[in-house]
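Those sequence lines, one after another, are chains A and B. Under our numbering, think of the first position of the first sequence as 1, with each following residue one higher. Under our numbering, think of the first position of the second sequence as 1001, with each following residue one higher.
FYI, nobody ran anything at the bench for these hints, they're computed from the structure. Among these hints, one or two may not hold up.
Stated by the list, open to error - Incomplete in silico selection of chain B near chain A, CB under 7 Å:
| # | residue |
| --- | --- |
| 1 | 1041 |
| 2 | 1045 |
| 3 | 1048 |
| 4 | 1049 |
| 5 | 1145 |
| 6 | 1188 |
| 7 | 1189 |
| 8 | 1192 |
The C-beta atom is built at its ideal place from N, Cα and C for all residues, glycine as well.
There are 2 protein chains.
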Amino acid sequence: MSTIGKFRVIKPEIRVLGVDDGIFKPHTKGFVPVVGVVFRGGYWLDGVMHVKVRIDGFEATRKIASMIMSSPHYKQLRVIMLNGVTIAGFNVVDIKKLSLDTGLPVITVTRDKPNFDEIHNALKKLPRSEERWKAILNAGELYEVSLHGGKSKIYMQISGISTEDARKILQLTSTRSYIPEALRVAHLIASGLSTI
Amino acid sequence: MSTIGKFRVIKPEIRVLGVDDGIFKPHTKGFVPVVGVVFRGGYWLDGVMHVKVRIDGFEATRKIASMIMSSPHYKQLRVIMLNGVTIAGFNVVDIKKLSLDTGLPVITVTRDKPNFDEIHNALKKLPRSEERWKAILNAGELYEVSLHGGKSKIYMQISGISTEDARKILQLTSTRSYIPEALRVAHLIASGLSTI
């Protein structure tokens, strides 16, 4: 079972990592760039890391954990944020395992409410579909989070952090859009890298 | 001769591109990632582009021009900024040519005053050294620019822009350090990509 850390205080300059993948043709083979962006709170970009992950593969959790733990920023990081639990297609990130391996809380964020029935059906076409489904279920309950004084809402799943702390961190770091700045910028970088 | 455009007004959200190269072993062969980061003024990252440039090669000017002109951000851009005129070793960017080809002003920025005698000597070990030297001279006069109310200073060379406008743009966009935010972030991304 994963431990739920409790933040004594959430500093405005808390170091957060936003992780997102690049663009690729679905149902092809190969690797996708995955970019991690270190932000101090919602404003200052402090560093960038990256790794390549196999489309519809199984190693996203391990690769992302290893990218983070081998980074010079690792010791400063307080929380990992993901843009949903699937990366490079249906390479599912098991956020419970990611949190345990790195010793850091994990928050996944999606703008739209995920349709789990649709995901479950899509998975069935892939090898080891039940393993993937189990990793998705491991992300636990889906919470709605209200941002910008109720003007926008997003959905989160969490591991190793209380809902209250996770909500506060999302509200603090979503400075320029409806998602945390680290995730917005990780998306821009990963997309910019995919166009070679 | 290049035309010097005149800004009627420099908006706080002026779209600037910061270009920097990644890390590599000097005197090796191969390619280095070069990253372009689009910022609105000194705060908001709007996009990322990239290209690969040959170590100590001759095609940096052409490759960077083509990266910029094929980008969806091209029409919004108002100025290009470089971290010095050499990239990927001594692959010299001819800023006059870059400005003419893209139709955009170019500002190069260095924190330390470049030692041109040293550069000239280092060039002599490379093929077509006089061509490289000519491209460096094409960057024209070196200007000192005072930032943050005189607390720091940097050096610039310019093409297609007046010294007055270039100074204003550097002062406006150097929000978090002694160099424009677009260049600081381009450096972090390019370095983060080089560590594979």
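Now the hints, each set against the structure:
Taking 7 Å as the C-beta cut-off, the interface hint given for residue 1041(B) is violated, the closest approach to chain A being about 13 Å. For residue 1045(B), the interface hint holds, the least distance from its beta-carbon to any beta-carbon of chain A being 5 Å, beneath 7 Å. Contact between residue 1048(B) and chain A, as hinted, is supported at the beta carbon level, the nearest pair being about 3 Å apart and thus within 7 Å. Residue-level restraint check for residue 1049(B) holds (minimum Cβ-Cβ distance to chain A is 5 Å; threshold 7 Å).
For residue 1145(B), the shortest C-beta to C-beta distance to chain A is roughly 23 Å, which exceeds 7 Å, and the interface hint is violated. The closest approach between the C-beta of residue 1188(B) and any C-beta of chain A is roughly 5 Å, which is under the 7 Å cut-off, so the hint is satisfied. Proximity of residue 1189(B) to chain A holds as hinted, the smallest CB-CB distance being about 5 Å (cut-off 7 Å). Look at residue 1192(B): its Cβ gets to within about 3 Å of chain A, closer than 7 Å, so that hint holds up.
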